[in-house]
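A.B. asks: Sequence:
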Amino acid sequence: MKLYPKRRVFNARDKLYLYYLLISHFVLILFTIVFTIQKFYLAAFFEAIMLVPFCTSFYLFLLNRLDYSKWIAVTSSLVIVMIQTNVIFTPSSGFQYMLIPLLVISFLFNDLNQFRNRIFGVVFSIIICFGYFISSSYQFFGPVLSIDSDINHLFRIISTIVSFVALIFMLYMYSLQLAKTEANLSYLADHDALTKIYNRGYFASIGQAYYLSHKEKKLPLSAIIFDIDNFKSINDNYGHHIGDVVLKDLAITVNAIIRSNYIFARYGGEEFAILLENTHLEHTLQIAEGIRSKLASLCVAHQNSCINFTVSLGVATLSDKHHSFEDVMKDADKALYISKYRGKNQTNTI
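First residue of the sequence shown? That's 727 in this note's numbering, and the numbers climb one at a time after it.
To be clear, the hints were calculated from the coordinates, so they are not data collected in a lab. Values in this document were obtained by computation on a predicted structure and should not be read as measured data. Please note: incorrect hints may appear among the correct ones.
[What the hints assert, rightly or not] Straight-line alpha carbon distances no greater than 20 Å define the calculated EDC-like cross-link-like pairs of lysine to aspartate or glutamate that follow:
no., residue 1, residue 2
1, K1066, D955
2, K941, D1053
3, K1066, D953
4, K922, D953
5, K1060, E997
6, K922, E908
7, K944, E997
8, K1047, D955
9, K1070, D955
10, K1060, D953
11, K958, D975
Assemble the whole structure, with the sequences as input and the hints as a guide.
C.D. replies: Okay, here's the thing in structure tokens:
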């Protein structure tokens, strides 16, 4: 059986590198054609030869060999900088043409989350900019190939526009990656990694906010807390990985039952909680019983058999005796222990 390389999830840096490779191919092919039409055959030959390492880099990129691909592309880019700057174009035009590749290179191998790498990227970019202005003022080498000044000036204008647009695009890619990273961090801060529902920290913070607003407006607010009966025996008999499957299936099932505006969270190991806004005690008890009944009939597939389990639930509703959301949850927790004490697989309130 043929094994294929594992599919890689590309981040913004990898996507930027891919665009860099594609643009480099396009530019080198364009210059090869233009130089051939203008009968600058030696310049066209240089441009065509430069395509070889970039084609190799692109092939390695497709094979998910990104490290090898990047090193070949970077080495080739540095060689091209020297050739373009000192051989084909005048130094100022050549350096400006290669300005954006150098800037891209400075970011490709830098994890900007690390302070040292950020400093390196900034210093490298400053050196590039100073190098451009120095090369614009002092011509250390004359171009070996005699290219018409009008064409040279045209290439300089084109390179300026391309560099500016590419730099903006590069900054956009990194801002997009930063926005995604912040969104992921925000999600991880509020959600449970296993079940993908809210975690206890978020539940407590949003619960206190709901408590204050509902108590001020004298609106009903209820809470359900429940856990899986004899969950330890499931882990002991089937293994912790099956216990994780049970937790995930429970979360999916309950999410399908309750309203979308209810806050459902993993409260502890096998303990869960639901915050129900604008819901009276009687309706909350009906919802809790519906959850209990549905989970009791849930079949968690394991090999050729089903794993069944039950839950015990406790319900509490906001009243004048509660001075914080924590007080509401304490009453719900007391009701849960009443359900455990009376034989489990039931719902109680106090």
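A.B. asks: Each hint needs a verdict: does it hold in this structure or not?
C.D. replies: Status of the hints after comparison with the structure:
1. Annotation: proposed proximity of K1066 to D955 holds, straight-line Cα distance about 8 Å (limit 20 Å).
2. Taking the CA atoms of K941 and D1053, the gap is about 13 Å. The hint holds against a cut of 20 Å.
3. Between K1066 and D953 the alpha-carbon distance is near 10 Å, which keeps this suggested pair within the 20 Å criterion.
4. Simply put, K922 and D953 have alpha-carbon atoms about 17 Å apart, close enough for the 20 Å limit, and the pair holds.
5. Of the supplied pair hints, the one linking K1060 and E997 holds, its CA atoms being roughly 14 Å apart against a limit of 20 Å.
6. Among the hinted pairs, K922 with E908 is consistent with the structure: their alpha-carbon atoms are about 17 Å apart, no more than 20 Å.
7. For the proposed pair K944 and E997, the alpha carbon gap of about 29 Å is over 20 Å, so the pair is violated.
8. Of the pairs offered as hints, the one joining K1047 and D955 is violated, with about 30 Å between alpha carbons and a cut-off of 20 Å exceeded.
9. Distance check on the hinted pair: K1070 and D955 sit about 7 Å apart at the alpha-carbon level, within 20 Å; holds.
10. At most 20 Å may separate the alpha-carbon atoms for a hinted pair to count; K1060 and D953 meet this at roughly 13 Å.
11. Using a Cα cut-off of 20 Å, the hinted pair K958 and D975 holds, with the two alpha carbons roughly 17 Å apart.
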